[in-house]
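First to last, the sequence lines map onto chains E and V. Going left to right, the first sequence walks through residues 1 to 443 as this note's numbering numbers them. Going left to right, the second sequence walks through residues 1 to 432 as this note's numbering numbers them.
These are calculated hints, taken from the structure and not from any lab test. Using N, Cα and C, we set each Cβ at its ideal position, and we do this for glycine too. Take these hints with a grain of salt, some might be off.
[Claimed, not checked] Part of the chain V face toward chain E, derived, beta carbon under 10 Å:
no., residue
1, 69
2, 290
3, 291
4, 292
5, 293
6, 296
7, 300
8, 301
9, 304
10, 344
11, 346
12, 347
13, 348
14, 353
15, 356
16, 392
[Claimed, not checked] Sample of chain V residues lacking proximity to chain E, with all beta carbon distances greater than 10 Å (derived):
no., residue
17, 57
18, 97
19, 172
20, 216
21, 238
22, 242
23, 256
24, 314
25, 323
26, 350
27, 352
28, 365
29, 385
30, 390
31, 412
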Amino acid sequence: MSTPQTPGIVAGRLAPATIAENFADIHPLLDAHEARVAADRCYFCHDAPCVTACPTEIDIPLFIRQIQAGQPQAAARTIFDQNILGGMCARVCPTETLCEGACVREAAEGKPVEIGRLQRHATDTLMAAGGHPYARAEPTGKRVAVVGAGPAGLACAHRLAMHGHDVVVYEAREKPGGLDEYGIAAYKTPGGFAQDEVAWLLRIGGIEIRTGQAIGRDITLEGLRAEHDAVFLGMGLGGVNALRAEGEDRDGVRDAVDFIAELRQTDDLSVLPVGRHVVVIGGGMTAVDAAVQSKLLGAEHVAMVYRRGPGRLSASAHEIAHAQTAGVRVITNASPVAVHGNGAVREVEFAYTEDTPDGLRPTGQTFRLPADQVFKAIGQTLDGAPGDLEVDGGKIAVTGAGRTSVPGVWAGGDCTAGGEDLTVTAVAQGRDAAEDIHAALTA
Amino acid sequence: MANLASEFLGIRSPNPFWLASAPPTDKEYNVVRAFRAGWGGVVWKTLGLDPHVVNVNGPRYGVVYGADRRVLGINNIELITDRPLEVNLREIKAVKRAWPDRAMVVSLMVPCDEDSWKTILPLVEDTGADGIELNFGCPHGMSERGMGAAVGQVPEYIEMVARWCKKHTRMPVIVKLTPNITDIRFPARAARAGGADAVSLINTVSSITSVNLDSFSPEPMIDGKGTHGGYCGPAVKPIALNMVAEIARDAETRGLPISGIGGVTTWRDAAEFMALGAGNVQVCTAAMTYGFGIIKELTAGLSLYLDDKGMALSDLVGRAVPNVTDWQYLNLNYVTKARIDQDSCIKCGRCYAACEDTSHQAIAMKPGRVFEVIDAECVACNLCVDVCPVEDCITMERLAPGTLDPRTGQVVGDGHADWTTHPNNPMSRAAE
Ligand SMILES: Cc1cc2nc3c(=O)[nH]c(=O)nc-3n(C[C@H](O)[C@H](O)[C@H](O)COP(=O)(O)OP(=O)(O)OC[C@H]3O[C@@H](n4cnc5c(N)ncnc54)[C@H](O)[C@@H]3O)c2cc1C
Ligand SMILES: Cc1cc2nc3c(=O)[nH]c(=O)nc-3n(C[C@H](O)[C@H](O)[C@H](O)COP(=O)(O)O)c2cc1C
Ligand code: SF4
Ligand code: SF4
Ligand code: SF4
């Protein structure tokens, strides 16, 4: 059996039971009593700041009051009315920077109402009851193509189906769900929830998902436009940024998102190999997730290295603290200059940097970290915009509720400029685009 | 440590906390545990004549919860003791002998005829008990049999029974009053007229705590049916406080000793009852909810409070009574305005919603969720203070005499002015 100290990239560094425990639900479901107690802390604020802070603007005080009043299913309706992926968002939203960060009890006592966990209590209760809470409107006879079955595409498809349109979702991968299925940290959404949620969402009817269909490979935007009354693009960010450090093609260096996708698709994590010395390059959510999950798999030393100062980390303070608690060493102001090794990576060399008014500057000092596995998490990019869509800052340019430069084509989620790259933002944009498409199709 | 030794109708107890007549005082076992824990006295669970009554064999309590299943009120359909008279008397005698420094009062409820009372009183006297309490309050079960609240709701009966008791025993007689009447002063006056030495109040309030929306029966449910019970606990305290105060300040009952009951849960509740004129207090629900151990908080708390105030226990009794008055005498020159402390405000907007939707539109919501009181609209109703989740964030500030009240456009007057002299009062005694 391997141990955390076993050299190289190997599987089974920890006992299977330990790995299973490490990847267990990070915020287990509140039971009915816990939920009532947590719900009782809500003040039912006027024009509540938590609602403003939620990208989907869920009526939070209302749903919490419905939990107080003993009707979690009614609470779930309130949530799903605004956010059909409310179940996933309850698990993955960085609530500390969204609703809970804005909760008046956070300001008052540093202990916000546990909105995320209450939301999960409500949505899980309703979803466990089976069935589906929404019915479709009379068929309109209109057909809409949705590209990408991630949060943006799914939210858009559901809302369109609800309004009576027929929707075909074209998805490049094997499974629907987007990064909910291939990206989000495993311990945030264990138990195959992403697929369960998609199946539940599809129960509304009127949505057909065609997997293995990539725009640019199997289909074209022009073709979709010809066959449908409208097109929504929600294909996320398929590309990744290059490190631009010497030796980045050595064995053992890979994109963090690929490693995470593989991890998410591995049923038995004790067979998933991980390095003894893991170095993650980047300062965002992807870097945190790659680093933390490497540690949970049993890597002995994991360092997450970010080129700018601590104040510029895009991962929230909460997530950084989570990484540090898991045993990840977080190093800031260090930029990779070379990946050393003989075939496979042995060390990564970094230059210390300082933030100056004129930008980031190397200080002239360097250091090396031992590494047998390196994950690049320095940002994803749009894998080329389909057709002649106008692009803004490397993403699809949109105005209003996701209108692109091409008539009849809408877009939302990570692939568009604007909003943070979060599941909940993708849901809001998909939903709003659906409303706009509906208005356009029924005008 | 302030001395809490108490004397009520000459009955001494180491502290003014008695357990009210109820399950905690149902038998020797409980009462001995209570005395060991430190309770000052008990009113033994109400005795009746044999054959003893029976209780239901299903649930006898219903409940109203606050946050986190905190018990706010309990309702019960229990009757008086369901054990033979002789057993109770034997136990009372044994306990009194073993605990001579504790108050032992025996609650009684027998049919409304002189012979019944004449029969039971000597038996109780023989136990060495310190006094009796006449249960004229039980609102369920016994009242249908012409006892309990059925007596307590008719002042003439109260007076009659009190008189019989005074005639047939030398023990002090306390009349326990039911709150299920419109004006508590009438039964209290009747008790005094009949010669009673004191009143105790309140007994439980007739109530249905909840309805089961699946079986469509009131709770507690017995085989698909329910009946009204008696409500007690923190929820009834405001009702009890008012009734105690009414008796304490009524010209005809002033000075009549009062044992305060109803929702006493912490030392503070006890202090409030005593400030309104109660000579001691009785506790039931708090003990039933938390056990006898609460006596340590009650005694330590009251003692600390008295020390802080530099008062003796007797100084506290009745201290607030002179300040209970009728509405018409309240000073209309006492003009206040709500003041929001922006530093402690957490911007929840509850004050705004309350005032905007249900009061006087006197709170402005400004950019950045800044909430400010509009003096020209604020009638000082206090609703914002009540709903604000932050203690002391909103306070009421008095406008000094001579300042302009922007709401009325009038200068705040000096001195006292009340409704009796107000020009809008048709019966005004023309102020000069
Ligand atoms: C590692 C990681 C962790 C994250 N953790 C969180 C988190 O904890 N909380 C949070 O809120 N957000 C998190 N995010 C961000 C979040 O996952 C995304 O913002 C969100 O999934 C965006 O949704 P989307 O629908 O726009 O894109 P995606 O989820 O990326 O979905 C796009 C879909 O389109 C498909 N597709 C791509 N190209 C094509 C094509 N050419 N043709 C057809 N289909 C195509 C893809 O296969 C995919 O299914 C994380 C992201 C990553 C990478
Ligand atoms: C279960 C139960 C049984 C009671 N039985 C009696 C009784 O036999 N005689 C009586 O005088 N009062 C009885 N009471 C009323 C209490 O003595 C007391 O007056 C009332 O509960 C209010 O006080 P509290 O709020 O501290 O409980 C009973 C109360 C309860 C909860
Ligand atoms: S801000 Fe907090 S307390 Fe106010 S409504 Fe939202 S969750 Fe409730
Ligand atoms: S408290 Fe519970 S266990 Fe005890 S007698 Fe009552 S119902 Fe039975
Ligand atoms: S209720 Fe209190 S805390 Fe809330 S906004 Fe008003 S003053 Fe501020």
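Evaluation of the provided hints:
Nearest Cβ of chain E to the Cβ of residue 69 of chain V: about 8 Å, under the 10 Å cut. The hint holds. With a cut of 10 Å, the hint placing residue 290 of chain V at the interface with chain E is violated, because the nearest CB-to-CB distance is about 19 Å. Interface restraint check: residue 291 of chain V against chain E, minimum CB-CB distance 22 Å, threshold 10 Å, status violated. Contact between residue 292 of chain V and chain E, as hinted, is not supported at the beta carbon level, the nearest pair being about 27 Å apart and thus beyond 10 Å.
With a least beta-carbon distance of about 24 Å to chain E, the hint placing residue 293 of chain V at the interface is violated under the 10 Å criterion. The beta carbon of residue 296 of chain V is not positioned within 10 Å of any beta carbon in chain E (closest approach about 27 Å), and the interface hint is therefore violated. The beta carbon of residue 300 of chain V is not positioned within 10 Å of any beta carbon in chain E (closest approach about 28 Å), and the interface hint is therefore violated. Hint status for residue 301 of chain V relative to chain E: violated, with the closest Cβ pair at about 26 Å, above 10 Å.
Given the 10 Å rule on beta carbons, the hint for residue 304 of chain V is violated: about 27 Å separates it from the nearest Cβ of chain E. Taking 10 Å as the C-beta cut-off, the interface hint given for residue 344 of chain V holds, the closest approach to chain E being about 9 Å. The interface hint given for residue 346 of chain V holds, since its Cβ lies 4 Å from the closest Cβ of chain E, which is under the 10 Å cut-off. For the restraint placing residue 347 of chain V at the interface with chain E, the shortest Cβ-Cβ distance is roughly 6 Å, inside the 10 Å limit, so the hint holds.
Restraint check, residue 348 of chain V versus chain E: the minimum CB separation of about 4 Å is within 10 Å; hint holds. The beta carbon of residue 353 of chain V is positioned within 10 Å of a beta carbon in chain E (closest approach about 4 Å), and the interface hint is therefore held. Residue-level restraint check for residue 356 of chain V holds (minimum Cβ-Cβ distance to chain E is 8 Å; threshold 10 Å). Because the closest C-beta pair between residue 392 of chain V and chain E is about 13 Å apart, greater than 10 Å, the hint is violated.
Under the 10 Å C-beta cut-off, the non-interface status given to residue 57 of chain V relative to chain E holds; the minimum distance is some 29 Å. Its beta-carbon lying about 47 Å from the closest one in chain E, residue 97 of chain V satisfies the requirement of being farther than 10 Å from that chain. Against chain E, the non-interface label of residue 172 of chain V holds: every CB pair exceeds 10 Å, the least being about 46 Å. With a least CB separation of 17 Å from chain E, residue 216 of chain V remains clear of the 10 Å interface cut-off, as annotated.
For residue 238 of chain V, the requirement that its beta carbon stay farther than 10 Å from each beta carbon of chain E is met, with the minimum near 22 Å. Chain E leaves residue 242 of chain V outside its interface by the beta-carbon criterion, the shortest separation being 29 Å against a cut-off of 10 Å. No beta-carbon of chain E comes within 10 Å of the beta-carbon of residue 256 of chain V; the shortest separation is about 42 Å. At the 10 Å boundary, the C-beta of residue 314 of chain V stays outside the reach of chain E, the nearest C-beta of that chain being 41 Å off.
Distance check for residue 323 of chain V against chain E: the nearest CB is about 33 Å away, which clears 10 Å, and the non-interface claim stands. Against chain E, the non-interface label of residue 350 of chain V is violated: not every CB pair exceeds 10 Å, the least being about 6 Å. Under the 10 Å C-beta cut-off, the non-interface status given to residue 352 of chain V relative to chain E is violated; the minimum distance is some 5 Å. Not every Cβ of chain E is farther than 10 Å from the Cβ of residue 365 of chain V; the closest lies at roughly 7 Å, contradicting the non-interface assignment.
Interface exclusion of residue 385 of chain V from chain E stands, the closest Cβ pair being 15 Å apart, more than 10 Å. The beta carbon of residue 390 of chain V sits about 7 Å from the closest Cβ of chain E, which is not more than 10 Å, so the claim that it is off the interface is violated. No Cβ of chain E approaches the Cβ of residue 412 of chain V within 10 Å, the least distance being about 31 Å, so the stated non-interface status holds.
In the structure shown, a violation is registered for the earlier hints numbered 2, 3, 4, 5, 6, 7, 8, 9, 16, 26, 27, 28, 30, in ascending order.
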